[in-house]
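Residue numbers (this note's numbering), protein chains in the order written: chain E, 1 to 297; chain Z, 298 to 618; chain D, 619 to 1163.
Check each hint, because a few of them may be wrong.
[Claimed, not checked] Straight-line alpha carbon distances no greater than 20 Å define the calculated EDC-like cross-link-like pairs of lysine to aspartate or glutamate that follow: (1) D/LYS1022 <-> E/ASP258; (2) D/LYS771 <-> D/ASP783; (3) D/LYS818 <-> Z/ASP431; (4) D/LYS828 <-> Z/GLU391.
[Unchecked claim] Derived coverage of chain E by chain Z (criterion: at least 3 residues anywhere in the stretch with Cβ under 8 Å from a Cβ of chain Z; other residues may be distant): (5) 164-172; (6) 197-205.
It should be emphasised that the hints constitute simulated quantities derived from the structure, not laboratory data. Note that this is a predicted model, so its numbers are computed, not measured. Backbone N, C-alpha and C fix where the C-beta goes; we use that ideal spot for every residue, glycine too.
If you want the building blocks of each chain, they are given just below.
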Amino acid sequence: MTDVPAPATTAAPSRSYAQMIVQRFVTHRMAVIGAVAVLLLCASALFAQFVAPHDPMAIDTTRRFLAPFASWTNPLGTDDLGRDTLSRLLYGGQVSLTVGIVAMITTMLTGTLVGLAAGYYGGVIDNLLMRFVDTLLCFPQVFLLLVVAAFVPPTILSISLIIGLTSWMEVSRIVRAQVSTLKEADFVQASRGFGASNWRIMIVELLPNIMAPVLVAATLKVATAVLMESYISFLGYGVQPPMASWGNMLTNAQGYFDTVPFLAILPGVLITFTVMGFNFLGDGLRDAFDARLKIDP
Amino acid sequence: MRGDVLGYVVRRILHSIPLVIGVSIIGFGIMHLAPGGPLAVYTLNPTITVTDIERIRIALGLDQPVHIQYLTWAKSMLTGSWGFTFFGGRPVLEVIVERLPATLILMGTSMALAILIGTLIGMLGAVRRNSIFDYLATTGAMLALSFPTFWFGLMAIYIFAINLGWLPSGGMYELGEEGNPWDLLRHLVLPVMVLTLVLVATWSRYARSSFLEVIQQDYIRTARSKGLGTRQIMARHAFRNAVIPLVALLGVQLPSLFSGALVAETIFSWPGMGRLFVDALNMKEYPILMGMIMFTALFVIVGNLLADIAIALIDPRVKLV
Amino acid sequence: MSTKSSLTRRSLIKAAAASGLIVPASGIYSPALAQRRDRIILGTTQEPVQFNPLLYVNAGAENIPEACLFDALWDVNEKGEFVANLAARIPTVENGDISGEGRIWRINLKRDVKWSDGQPFTAKDVEFTYQTIVNPKVAVRSRSGFDLIKNFKVADAHTIEIELDRPFVPFMWAWQNMHIVPHHLLSKEENINTSGFNAKPVGTGPYLLKSRTAGSHMVYEANPNYHRGQAKIKQFIHKFVPDQLVAYGQARTGEIDYLGVSGVPFDRWGEASKLPDRNFFPLAQPWVQFVYFNCGKPQFKDPKVRRALYLALEMQKTIDDVFFGAYKRTLSYLHTSHWAYNHDLKDAGPNPQLAAKMLDEAGWKVGDDGIREKDGVKMKFTMSTTAGFPARQATQAIFQQNWKAIGVEMEIKNMPASVVWGEYTTKSQFDTLLVSWEPTVGMDPDYTARAHSKMIPVKTGSGSNYTQYENAEVDRLLEAGVRQTDVAERKKTYARIQEILLEEVPFGPQGGVFQGQITHKSLQGIKPNQYVVDAAWNVHEWSWG
């Protein structure tokens, strides 16, 4: 492997390198669309308290099953208990995005840590850690996720952790592969010659140099985590009612599927929109950093 | 060469034994250390008192320490029954095997279709890089990967089964039509469509990058400079080399196939392993859950092994070590 | 109980069209649409996994194979009366079969009954069934009633004599609940829990199991030698359709002749009752939905507080809005249609003003944060039920709103079934539960296991009084009730019990559970029976009209 990215140790990445990345990203049309979508969703979730027309949990059964686009008070209609759909979607976005991001952070931390340790130390540690990764990879993720979710009381945090802790394995493989090629590079050897500690080398020397693929993987992980959250909510293992999440809104809608299809269509469209935003963003980042980086979708 | 392969297979199998043991210990551990258990199902029956529950706990062997339960289970695993289900009292292997054909039919069809279509799209995308087709295919794949499968399934049911009434909303056969291939086909359309969509997306992306890599290599450029047409180059040189990483991918993708089946089978009431798993999960049928976990683990290991052997057969440069 | 509709054909079609419900007449599902007279297809959303009638866990789908393949000593009919099945007659004090002040039971068995493999049915089989129920190695769900048997004697091949520890009137229900299994096949089994018999059962029942397709359906053929006469319909098919909406759709198109558990979705009852060629009827399920208060927690110690909390809930509104009026309000642990129901009970709720006043009087004053408190304890608690049930979640959401209005904070804490109904319930760790439960000994009004102070598991290690409710008068009445043989006397006893329970509210009843069932109109002989869970209890009498 000769085409290791330029080492970033001497100073901040050179101006031209950063410029190049930004330029590549901006020319990537889908990536920009993705970024805008993500920003929009994050903003609406963040400011749900101010944007939402109603309390998402306020019940008014005299106004149930209102059709969307029919009235200004409930622009997207109401559900089986007369709760405002728009408000629930906005607050549901908070749950989905929080879970997506917290799960991503968990995944990244665990995956990077394990990958770094395995790649850097090599030998027995590498062997043990990677066998452990192999073992976990024998479980399909949905499988693992459902088993754990069925046992742990559902809160936003516990769901995020469960998703995060069942999906870090690929990240650790990516990081390990990068680290084990990089650790022989001159700048690492040099730093070791100066007597730097293992920790210092890992964090200061190696980590910045593998940020590109990690960042890309992180974006894509948010996307899968959002999908996973909606799926476990859909199966009834998600956040507690009456709190709304897109997944549990879908579950509730299932019973009125043929009579009030909008209740099922709207949350589904939003999930797709969010996941797509993050996917495009990740894809754009990947292309911007290096067209030849390969990370699974 | 044949002895080579045999020796390799034996070595690989020996290597995977610790893996299998690891999987079983982790699986067993997660299930038994977490709160809740199969006895809760009994509490819902009003005639059952705490005394009854304690009695049943002993009758089912659930009062034993976890490691003893594990060893009992491991023994039944090795002696062939894979343990007995709590609520039906049947051998787990039998329960799983009777659900296996349904899942294999569903997943096999989807996978075959996805590989065919995905490779084709990927190849065309690579050859006509940056064309409108490539652009649409790439964006389309992204979109497909963003659909929540279960929601897409529900929408498909809503449109094709409920609104249009063209296709059945679930199940594998109509009553009395068991074994009728035409009836099976009608039932397969919707679940296969939902599963294939996601698989094609993944697959075409991999295929595209794999073909791109090969096309950019020197010998293809040489071939091109000799004046060979694209079609000839693809057929003679590129195809074989581009397919090798895809075969490896096939092995790796097998576990996710089961995840997909889990979702599709729940939505479409498909009588396969995925639904068995969800039911078992709700009842905390440890023996079935463990059986399913072991089954997929074996599937993954064998899948990887077969993929490696296949690669060695396609690519003479690869040696089985 | 019969169909609600008496409309003309034209208005029917109009109504159906208006509700968007014209069943496609094209032959999409041609094989099933051609309704056949020699078979019946019954659909349920659940699939039975255990065919040994002693070993299944919960009532529901598993009652179908039980009713098809096995017989009990006696059944309970739609009027709540016992009718002899394998027994030659119902033991009573009058006919002399019950003596010794209700302690000695003599049961005469029918003489010409054969197991489906040709072996004769005798008293040995009943004895073996009893022995299996009390065998510690066999995971039989309950010994309720059987644990009172002091002495079990086979007098001759067709007579049994049972001596009980003490008189126990609900003993009839114990035998109605447990169907008889064959001695000649199971006694040789080393381990009955895992016996091959459980999947390939042999019984005395009206049908024989012909084939089973996992995840799809089971096929039964009529038993030609059935002792109550061969079933009129030759083939019985039990089909599993996991999705309730899909199952309902199949009942509409005629792919299913009888839609059993879990019935028609509540919001479709109006529509279902207008279907042409179908009978729709709401069937009372034995269970009642409750709010369980854990009397062991400081918030719920005071009966007055529980009463106030119960008064604040809009029970009828939850029934109307969430269950679309399908449940029927009840004020006791019995359905209002049960013979022992106390019709003098009055529904005082919802009355939030009175509830707030009662809480004030009990010393629970509204604190700075708007939540009531007393002696440093906040009136703040959780409510749990099985996760993932939209209707129950909606009920909880309404309760939450009701309580919030009087300064009481309830947090929903639903969990997977295997967690919430495990030790969380049995060791009384919950604050409140939302749960549906039927009486504890068949449909007898006895409620000892749930309400007697000796039946608190965390204190005595036995029983199922998970609310930890204690009341000396209730204890005394419960003990008396199971000894009274006179129905009028019993009725009085249980009326008083219901009155006290409504006053002190260890569990607050919401409504009696109903399911909407659909049958094909020409299907005859179906007798909706609120005293049993299984739709097929009299399957041998069904026929095509």
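Now the hints, each set against the structure:
1. Taken as a hint, the D/LYS1022 and E/ASP258 pair is broken in the structure, with Cα atoms around 34 Å apart against an allowance of 20 Å.
2. Under the criterion of a C-alpha separation no larger than 20 Å, the hint pairing D/LYS771 with D/ASP783 is consistent with the structure, at around 14 Å.
3. Restraint check for D/LYS818 and Z/ASP431: the C-alpha separation of about 58 Å exceeds 20 Å, so the hint is violated.
4. With a CA separation close to 18 Å, the supplied pair D/LYS828 and Z/GLU391 stays within the 20 Å bound.
5. Check result for the region 164-172 of chain E against chain Z: violated, 0 residues qualifying (beta carbon to beta carbon below 8 Å, three or more required).
6. For the region 197-205 of chain E, the assignment as covered by chain Z is violated, since 0 residues bring a beta-carbon within under 8 Å of that chain's beta-carbons and 3 are needed.
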